[in-house]
Amino acid sequence: MNPYQCISTDNRVGMIEVVLNAETIANIQKEKGMFSATSAFKKGSLLAWLKDYNQTEQSLQKAIEEFTFSCAGYCVATYVLGVADRHSDNIMVKKTGQLFHIDFGHILGHFKEKFGFRRERVPFVLTHDFVHVINKGQTRKEALEFQMFQNYCEKAFLILRRHGSLILSLFAMMISTGLPELGSEKDLNYLRETLVMDLSENDAKLHFRSKFEEALGNSWKTSLNWASHNLAKNNKQ
1 MNPYQCISTD NRVGMIEVVL NAETIANIQK EKGMFSATSA FKKGSLLAWL
51 KDYNQTEQSL QKAIEEFTFS CAGYCVATYV LGVADRHSDN IMVKKTGQLF
101 HIDFGHILGH FKEKFGFRRE RVPFVLTHDF VHVINKGQTR KEALEFQMFQ
151 NYCEKAFLIL RRHGSLILSL FAMMISTGLP ELGSEKDLNY LRETLVMDLS
201 ENDAKLHFRS KFEEALGNSW KTSLNWASHN LAKNNKQ
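Numbering (the UniProt record's numbering), first residue to last: 1 to 237.
One thing to keep in mind: the hints can contain errors.
What the hints assert, rightly or not - Only pairs whose alpha carbons sit at most 25 Å apart, straight line, appear in this in silico PhoX-like list of lysine-lysine:
1. K211 / K186
2. K155 / K136
3. K136 / K211
4. K32 / K94
5. K136 / K32
6. K51 / K62
Claimed, not checked - Here are the simulated distance ranges between beta carbons:
7. G44 / L144: 19 to 25 Å
8. M148 / Q5: 28 to 34 Å
9. L179 / I159: 20 to 26 Å
10. T139 / T177: 42 to 48 Å
11. C6 / S169: 21 to 27 Å
Bear in mind the hints are in silico, worked out from the structure with no lab data behind them. No residue lacks a Cβ here, since even glycine has one placed at the ideal position from N, Cα and C.
Construct all of the structure, not just a fragment, from the sequences and the given hints.
In structure tokens form, the structure reads like this:
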């Protein structure tokens, strides 16, 4: 994962580290697609972009491995923390394959709405083009790589859950910092729900697996949201 640095220098003033040699998913899809709105549905664009910058077999395999591990980490982290507003300009990929998220203005399940509908209707982002990279271009059912990826996600979730009390304590200490979406003990309930601390470890694993299948099965909804985002952005330009 890529926890880039940020520092506060004054009230509502600060600096964020620039991550070099990286591009947003939206720009990658636009670069590899004929029309930027519908490019959100083209599953081969991300893998093709990685191939452009990793032209040897060894470097491409390394980039796919970096993508797989980082994607697993962010799938679990964004689910547990309830990170919202996950459109294609808020997710980036380095040329070396490392995926990372940016813009954490909405957390703990404070999901944005449009015309009364929640924009995000999946537990976390796992789109068809992400799966295409993880599978190295193979179909999902045939790929051992995807089974390994799901296993990484489940292991990461269980590790976070084992440290659930520490995570809750850290967030509780941040209540006084003035974050708009972390203002009271009630806001911690979202973490309690995602970490399912009241379940056994095996039941918690099954619970997360159901969320994984939900994210995968409804990935078309994410692609549709991204296409709408791309279209709206184009109309503003």
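Given the hinted pair K211 and K186, is their alpha-carbon gap at most 25 Å? holds (23 Å)
What's the verdict on K32 and K94, does the C-alpha distance respect the 25 Å limit or exceed it? It holds: about 16 Å lies between the C-alpha atoms, which stays within 25 Å.
Assessment of proposed distance window 21 to 27 Å (beta carbons of C6, S169): Roughly 22 Å apart at Cβ, these two residues keep to the hinted range, so it holds.
Can you tell me whether the CB distance of G44 to L144 sits inside 19 to 25 Å? holds (20 Å)
Below or equal to 25 Å on CA atoms is what counts here, so check K155 against K136. holds (22 Å)
Against the 25 Å threshold, does the CA-CA distance of K51 and K62 hold or violate the hint? holds (11 Å)
Does K211 lie within 25 Å of K136 when you go C-alpha to C-alpha? With a Cα-Cα distance of about 24 Å, the restraint between K136 and K211 holds, given a limit of 25 Å.
Confirm or reject the claim that T139 and T177 have a C-beta distance inside 42 to 48 Å. For T177 against T139, whose Cβ atoms are near 47 Å apart, the range 42 to 48 Å holds.
28 to 34 Å was suggested as the range; check whether the CB atoms of M148 and Q5 agree with it. holds (31 Å)
Can the restraint linking K136 and K32 be considered satisfied, given a maximum Cα separation of 25 Å? holds (17 Å)
20 to 26 Å as the expected CB spacing between I159 and L179, which holds or is violated: holds (25 Å)
The structure shown violates none of the earlier numbered hints.
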